[in-house]
Amino acid sequence: MNIAYSTELICFLILSAVIVSGSLAVVLLENIVYSAFLLGGVFMAVAGLYLLLNASFVAAAQILVYVGAVNVLILFAIMLVNNREKLKPIEGLKTRKLISGGVCTGLLILLLRVSIITKWNIPGPTSIGEEATERIGEHLFTDYLLPFEVASILLLMAMIGAIVLARREVSIPTDYINDLKTKKSLDDKKIPLLSGNSLK
Amino acid sequence: MNSGIDLEMSFTQGVQNLGLSHELAHLLWIPLPMLLVLVSAVIGVLVTVWLERKISAAAQQRIGPEYAGALGILQPMADGLKLLVKEDIIPARADNVLFTVGPILVLVPVILSWLIVPFGQNLLISNVGIGIFLWIALSSIQPIGLLMSGYSSNNKYSLLGGLRAAAQSISYEIPLALAVLAIVMMSNSLSTVDIVEQQNTAGFLSWNIWRQPVGFIIFWICALAECERLPFDLPEAEEELVAGYQTEYAGMKFALFYLAGYINLVLSALLVSVLYLGGWGFPISIDWFSSLIGLSIDNPLVQIFAASLGIVMTILKAYLLVFLAILLRWTTPRVRIDQLLDLGWKFLLPISLVNLLVTASLKLAFPMTFGG
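In order, the protein sequence lines correspond to chains A and B. Residue numbering for the first sequence follows this note's numbering, starting at 733 and increasing by one per position. Residue numbering for the second sequence follows this note's numbering, starting at 446 and increasing by one per position.
A couple of the hints might just be wrong.
Label-pair distances were calculated between CB atoms; the ranges are [as the list claims (entries may be wrong)]:
1) A/A883 to B/V659: 27 to 35 Å
2) B/L754 to A/A809: 48 to 56 Å
3) A/E762 to B/H467: 46 to 54 Å
4) B/I535 to A/L897: 33 to 41 Å
5) B/I535 to A/A809: 22 to 30 Å
6) A/G833 to B/W474: 46 to 54 Å
7) B/L469 to A/A809: 44 to 52 Å
8) A/A736 to B/L529: 35 to 43 Å
9) B/K601 to A/A809: 13 to 21 Å
10) B/L469 to A/N853: 27 to 35 Å
11) A/E740 to B/R779: 19 to 27 Å
Rather than coming from a laboratory, the hints here were simulated on the basis of the structure. Given the structure is predicted, the values throughout are model-derived calculations rather than measurements. Backbone N, C-alpha and C define an ideal beta-carbon position, used for all residues, glycine too.
Please work from the sequences and hints to get the whole structure.
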């Protein structure tokens, strides 16, 4: 066992511990802000796993997309809504938790079974390392062109949908505003202080 | 220029001669360049802080610091020392853990990005293949730290500042990445070393700034916005938000933000010089120079001369840009938040997309000059 191998093993163990405990904490913690920050940590640990597999481009893309964009947007959404408000107690929360816990354990057992009975090809194919960027580009523009384009159309649709939703929120009808003016206090009407449009 | 002096080789050889294994010698080598770069980054910050104080004083017709050392050159050290011994205050109703982790998350990615800054042919910590992409990815972690410290301070100003910082950082990252992409397309590589190499074929005429003038301006604007320098320092706009996400911070935690800001500024200036101003390249080609005095390029003397010239050139170019940034800070007014976001999304983004497309078509039309 040489130094390089043992370093890799130690890194792998630490990263997997972070991923497993982190994702459990994301699901189980009561404070939604902690969950969101921990999610970022889990994404980063996954990027670390990619690095261990010599896929540095994928690791950087993982950080850029998941940590830099997805997680920041999640945090944004959480911080814009008032989280001091106590949530109403939901009926039958315990049974719901039990059922979802059962479903998750079932899924876990299924995946474990698959990973144990599959005959993995060990050691796997050697990584291409630095060449990966070119190889990914080549595949995206030749044999994976169609899935790539379909994915981008999907994203475009999501974006247009988001714009349509955000627009509708802003255009408050004039009689609604007049309604508000006649009211004594504005407190019971919920006006979005920071609508989606003010953050575009 | 690949052969010649190899410090790593001679170091590992020397340690192996002391009776250690090759791997152990390598392990001993790894922290050395990192330490060197960390120290030079901090020194770079001290110099920048001093410059900022002196230039702002000159811009406002004051004298600025003058008692600490000659021309007040030790003033930044005194500032740092003061922050070091100040009491570390955590507000009573703040979130302890997030309050502490926030500044660290802001500082660490910035320092990690120094991994890819080349000061010479082999004078960088690691010539990773994804090079400049690593910097873009790492700089996208920063907004999380800002949001974290803004949220955990339990202060309206802090939260607003954190949200603004994150919004600004997301919106300026896209034109920044597109400007970098145009450069990458011309040099056919993400590696910072290759990008500089490709610019040093014909002295200063082959610098990217001549082929990418629009990209240069976009990159510089976005870099200033990412550093939260004055035309774009909305997250900490003093008149509106006290100090933004830094409001509740004191002592060393505040110093971390301060340090991160200035390290980021120096880093951005270095990257502009690497991407657009030929990095370590001297305006006149070194090959031509060495043939003039009749020495081979692999001669140790020429190598040492070329390496020190490279370091001096990189730092000189970077500090010229830092000077420009400081002048901008003390002479321009701040933009409004809606102007800032409009500039990012409605102006810089389309322009950088057009720039990318034009670069691609020029590359197809003139493969000789645009790196086919």
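Here is how each hint holds up against the structure:
The beta-carbon spacing between A/A883 and B/V659, approximately 30 Å, falls within the hinted interval of 27 to 35 Å. For the pair B/L754 and A/A809, the supplied restraint of 48 to 56 Å holds, since their beta-carbon distance comes to about 51 Å. At about 52 Å, the beta-carbon gap between A/E762 and B/H467 stays in the expected band of 46 to 54 Å. For the pair B/I535 and A/L897, the supplied restraint of 33 to 41 Å holds, since their beta-carbon distance comes to about 39 Å.
Roughly 27 Å separates the CB atoms of B/I535 and A/A809, a value that falls within the hinted 22 to 30 Å. As the Cβ distance of A/G833 to B/W474 is approximately 50 Å, the hint placing it in 46 to 54 Å holds. A beta carbon spacing of about 49 Å between B/L469 and A/A809 agrees with the range 44 to 52 Å that was offered as a hint. One distance hint, 35 to 43 Å for the beta-carbon pair A/A736 and B/L529, holds here, with the actual separation near 38 Å.
One distance hint, 13 to 21 Å for the beta-carbon pair B/K601 and A/A809, holds here, with the actual separation near 19 Å. The given range of 27 to 35 Å is respected by B/L469 and A/N853, whose C-beta atoms sit roughly 34 Å from each other. Take A/E740 and B/R779: their Cβ atoms lie about 49 Å apart, and the range 19 to 27 Å is violated.
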